[in-house]
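Counting in my numbering, the sequence shown runs from 0 upward without gaps.
Please keep in mind that the hints were generated in silico from the structure rather than gathered at the bench. Worth double-checking, as some hints may not be accurate.
Claimed, not checked - Here are the computed distance ranges between Cβ atoms for each label pair:
no.: 1; residue 1: Glu448; residue 2: Glu150; range: 17 to 23 angstroms
no.: 2; residue 1: Tyr356; residue 2: Tyr432; range: 44 to 50 angstroms
no.: 3; residue 1: Asp436; residue 2: Gly412; range: 29 to 35 angstroms
no.: 4; residue 1: His122; residue 2: Glu44; range: 32 to 38 angstroms
no.: 5; residue 1: Ser516; residue 2: Gly465; range: 41 to 47 angstroms
Unchecked claim - Taking lysine-lysine pairs in the DSS-like style, the calculated list, with each CA pair at most 27 angstroms apart, reads:
no.: 6; residue 1: Lys222; residue 2: Lys536
no.: 7; residue 1: Lys222; residue 2: Lys169
no.: 8; residue 1: Lys222; residue 2: Lys245
no.: 9; residue 1: Lys169; residue 2: Lys126
no.: 10; residue 1: Lys222; residue 2: Lys340
Quick caveat, the model's predicted, so the values are computed rather than measured. C-beta: ideal position from N, C-alpha, C; glycine also.
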Amino acid sequence: MSTDATAEYDYEELGLVAGLEIHQQLDTATKLFCDSPTVERDPEEADREITRRLHPTKSELGELDDAAVEASRVDREFTYLAYDTTCLVEEDDEPPRRVDGEALSVALQIAELLDLSVVDQAHVMRKLVIDGSNTSGFQRSILLGQDGEIETASGSVSVVDLMLEEESAKRVAETDDGVVYSLDRLGVPLVEIGTGPDIRSPEGAREAAERIGMLLRSTGAVKRGLGTIRQDVNVSIADGARVEVKGVQDLAGIEDIVRGEVGRQAELLAIRDELRERDAGVGEVTDVTDVFADTDSGVIRSAIDAGGTVTAVPLFGFDGLVGRELQPGRRLGTELSDHAKRHGAGGIFHTDELPAYGVTEAEVDALRETVEAGPEDAVAIVAADPETADLAVEAAAERAETAIEGVPEETRGANDDGTTRYLRPLPGAARMYPETDVPPVEPDPSDVEPPELLDEKAERYAAEFGLDAGLAEQVAFGQRFALFERAVERGVDPTFAATTLESTTTEIRRDGAPVESLTDEHFLDTFALVEEGDLAKEGVPELLATLAEDPELSAAAAVEAAGLSGVSEAAVREAVAEVVERNADQVEAEGMGAFSGLMGEAMGALRGKADGEVVSDALREEIGKRS
0 MSTDATAEYD YEELGLVAGL EIHQQLDTAT KLFCDSPTVE RDPEEADREI
50 TRRLHPTKSE LGELDDAAVE ASRVDREFTY LAYDTTCLVE EDDEPPRRVD
100 GEALSVALQI AELLDLSVVD QAHVMRKLVI DGSNTSGFQR SILLGQDGEI
150 ETASGSVSVV DLMLEEESAK RVAETDDGVV YSLDRLGVPL VEIGTGPDIR
200 SPEGAREAAE RIGMLLRSTG AVKRGLGTIR QDVNVSIADG ARVEVKGVQD
250 LAGIEDIVRG EVGRQAELLA IRDELRERDA GVGEVTDVTD VFADTDSGVI
300 RSAIDAGGTV TAVPLFGFDG LVGRELQPGR RLGTELSDHA KRHGAGGIFH
350 TDELPAYGVT EAEVDALRET VEAGPEDAVA IVAADPETAD LAVEAAAERA
400 ETAIEGVPEE TRGANDDGTT RYLRPLPGAA RMYPETDVPP VEPDPSDVEP
450 PELLDEKAER YAAEFGLDAG LAEQVAFGQR FALFERAVER GVDPTFAATT
500 LESTTTEIRR DGAPVESLTD EHFLDTFALV EEGDLAKEGV PELLATLAED
550 PELSAAAAVE AAGLSGVSEA AVREAVAEVV ERNADQVEAE GMGAFSGLMG
600 EAMGALRGKA DGEVVSDALR EEIGKRS
């Protein structure tokens with residue numbers, strides 16, 4: 000969904016600067032630092048659990064990362080689900096064993112495609128992780144290449160670096176005490192590609208991401224599907240600040256995120272100017288539980304009855320601005336609430352939205368009086384247990400103070416509607432450490448061959464195999480181009496193979512078939528049955544749907560199970576004659592003009608058991624007899 004918040008803005012005038020960080024999982028046999036397979040598991044298959052608590056540590060320079068410090072203020076427990084396919088490396092009970100050779104080779108291919116200079120010696124580093132997504136509290140990362148470039152329709156974009164990293168654990172659940180992660184994903188090889196701040200428009204950001212995505216898929220060695228590629232976008236405008244937006248899942252979403260973040264920063268700057276004009280400030284945190292002693296507000300009543308407190312902070316000069324919209328459906332008050340939620344509160348109330356939620360006008364007046372807030376001021380309150388209420392309202396107060404300064408540097412999360420939410424402070428440089436358990440590697444780019452690019456592959460498919468341009472592009476950019484080439488090598492008609500792999504699979508997926516269950520062998524065996532005359536082309540969709548539902552079946556067994564065994568020419572003629580007889584009046588009136596309608600009926604009667612050309616010939620002959 001696109002946002003309209005920035006439709007009127009001139010990006011050049013605003014000084015938009017953006018860059019990308021692309022994270023792509025590699026499709027290797029084993030993980031980056033151990034022999035565990037890179038397979039996805041169902042959390043219900045876990046056979047053990049590990050529980051950890053993480054704490055910030057100082058860098059070698061004696062510094063603490065701001066993001067780690069903030070995270071440490073929230074007391075959380077992390078639970079990790081382990082499987083028979085994970086090992087002690089993922090559980091942080093054993094040192095990493097080696098750098099996976101296959102992952103290194105794929106990463107070097109990517110470096111070549113990005114025109115990067117590969118380092119002579121690659122050292123493994125530890126990067127501090129503060130969200131619990133790694134059992135060790137850090138992610139292992141290897142710098143492989145620097146100083147590259149890609150070309151887009153909007154101009155060239157520099158590629159600053161290429162990192163080979165281990166993927167984080169997969170978040171599967173939130174609990175009252177913390178977060179549950181799954182270790183099946185932890186350690187899967189991942190490349191991180193960082194561009195320079197060369198992007199000047201939302202469209203330019205999308206074009207750069209599309210180009211990088213095409214180059215990655217050209218290797219044929221990257222994982223596909225939801226969650227296997229993630230795009231982070233760094234956005235700033237003049238007088239604003241660098242904001243990292245994490246977790247953009249699709250290319251179209253990149254444009255929306257950039258537009259939305261530009262609009263948010265512009266609105267924050269306008270609020271800053273207004274606050275400074277009003278000589279705004281933030282007051283002291285105050286316990287105002289007594290104001291709400293007899294409240295009918297459900298949220299506040301519930302907190303007080305549970306032994307909690309209501310804590311308030313006056314925001315001098317903020318009246319009308321806390322409720323000001325920054326992005327569609329998100330206000331400055333939402334930003335204050337996001338910070339409060341980091342400390343376990345459900346959110347905040349503020350006077351720009353009160354009276355409401357069961358809070359009366361009289362209670363608002365009493366609240367203002369208690370904290371000495373005037374008509375030009377706003378008040379934010381939190382109702383929760385005493386510790387949470389204090390921490391949450393202080394966090395909201397700190398964010399309000401930042402609003403007077405302008406746009407804070409921070410890390411934000413992408414929402415599906417093109418808006419963003421606060422996650423944590425922007426990580427600093429004090430989060431990198433040398434890894435002492437893995438020796439350096441000396442990558443040799445000459446050991447790998449650069450792959451054929453997907454757009455070049457599409458052109459070749461059209462020229463070499465006679466595919467139309469659209470179908471050639473579908474196959475080349477699809478997940479099964481390698482399978483297509485194997486099929487054609489075995490003598491399968493290229494158009495038939497391409498149509499089956501792209502159009503037919505899309506068709507049966509729409510009908511609910513779990514297409515992801517189909518293997519390469521399922522397709523190759525299906526093609527063989529058609530080529531040998533044991534299956535009509537028309538029966539392929541039903542056969543593949545049957546195999547998708549029961550992938551343990553062989554293609555030959557699925558033919559029998561689906562009742563798709565071929566029929567004789569005599570049986571075809573008999574079925575066609577019955578169709579023509581049922582429609583004798585139409586045939587008499589229209590002659591061969593009835594062919595199209597009757598062809599569909601005849602094919603339906605034969606349920607894909609006969610070749611279309613055979614049915615067509617028989618139908619034309621039968622109609623001719625009666626014309």
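A quick look at each hint next to the structure:
1. Glu448 with Glu150: 17 to 23 angstroms: 22 angstroms, holds
2. Tyr356 with Tyr432: 44 to 50 angstroms: 47 angstroms, holds
3. Asp436 with Gly412: 29 to 35 angstroms: For Asp436 and Gly412 the Cβ distance comes to about 32 angstroms; the hint holds.
4. His122 with Glu44: 32 to 38 angstroms: 36 angstroms, holds
5. Ser516 with Gly465: 41 to 47 angstroms: 31 angstroms, violated
6. Lys222 with Lys536: 31 angstroms, violated
7. Lys222 with Lys169: 15 angstroms, holds
8. Lys222 with Lys245: At roughly 19 angstroms apart (the allowed maximum being 27 angstroms), Lys245 and Lys222 satisfy the hint.
9. Lys169 with Lys126: 18 angstroms, holds
10. Lys222 with Lys340: This hinted pair is violated, its Cα atoms lying about 34 angstroms apart.
This entry does not satisfy hints 5, 6, 10, going by the numbered hints stated previously.
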